[in-house]
Amino acid sequence: MKRLVLFTAILCFTLTLPSCSPQPKIPTLTEAHKKFIEICKEEYHLDVVVKQTGNTLWIYVPLQTAFFDYKAIPKKDKKDIKEQEAYDIRRLEAEFENDTLMVQYTIVKEKRLPEDFGYSSFTPEEYNDAYRNILEGIYRIYFNIDTVPGDVKFPDPKKQRTHKELVESYVRTDVPPEFFHIVFADIKRGLRGDYIGTLEDYKKYTVQSVVHDDYVQRLVVITSGDLDLIDNTTAAKLSFEPVTWNEFFRLQLVHRIKFQFTQSAHPPQVPVNEAIENIIQEIDTAYPDHHFPAYQLIKKD
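Quick note on our numbering: the sequence shown kicks off at 8 and runs consecutively.
As a list, the in silico DSBU-like pairs of lysine-lysine whose alpha-carbon atoms are at most 30 Å apart: (1) K86 / K118; (2) K83 / K118; (3) K265 / K211.
For each label pair, taking beta carbons as the anchor points, the in silico distance ranges come out as: (4) T107 / Q30: 44 to 52 Å; (5) T60 / Q215: 29 to 37 Å; (6) I46 / Q91: 41 to 49 Å; (7) H273 / P183: 31 to 39 Å; (8) P278 / P183: 41 to 49 Å; (9) A73 / N105: 37 to 45 Å.
The set of hints was computed from the structure by calculation and includes no laboratory data.
A virtual CB, placed ideally from N, CA and C, is assigned to each residue, including glycine.
Assemble the whole structure, with the sequences as input and the hints as a guide.
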């Protein structure tokens, strides 16, 4: 239930882009980090920690507010509660062994009677505001970094990627991030919500070339507990590692499987093994400049 609440924050989120005149381009990535911290503090009243490790922009957001809360709702009449078919993920592990992604799973479809406890969970508005503001800040700052003077853009994605790598190797002194990893920390209770995605996906989402239902599967969401977060406003003891494409694909595969089997309004109608193969194909198609790693699916009883 806790993970679903955090995910609802994404499902219900609609980005409202600032309706102001074009802003001057930010000359360097270092300046962008400074401006991001500045607007978070002055406009959003958030004291964030920003670090870049290799290709990954890390943003640590310590919060005093809870990620989720509960409220009473009217109980349903027992005659209206009917048995439903639903998937149950009893096991799902995806780890690399010798460059091969080993995916072990136990996913079963079963009939169950929905439980009615007379209450439901929800995400407090303070958390939703923080989430919206951080994403808006990323849009305002990191999509406004000046390009290399006199640079060109090739229509062919492969040529553009090769050109981009060449320019960054010989011209830039700081490389724009490929991934972002946002950590929202409930520093009272030691809970964390990790949001991991690519800036390119987010940029496509803001201009609607990636639709909402697709984006919520591209953006990896992980909820966990961490005692080191209690009273931690500086991100001390946190590990800031760059995100690799193989690791991103591993995380996104697990994320998509959980979403499609347990959260989607249209769960898979094909055998589980085939559904996972289809999900892998979706990921591979979504990122044509990169290839999904070698993998093996292992069904566990």
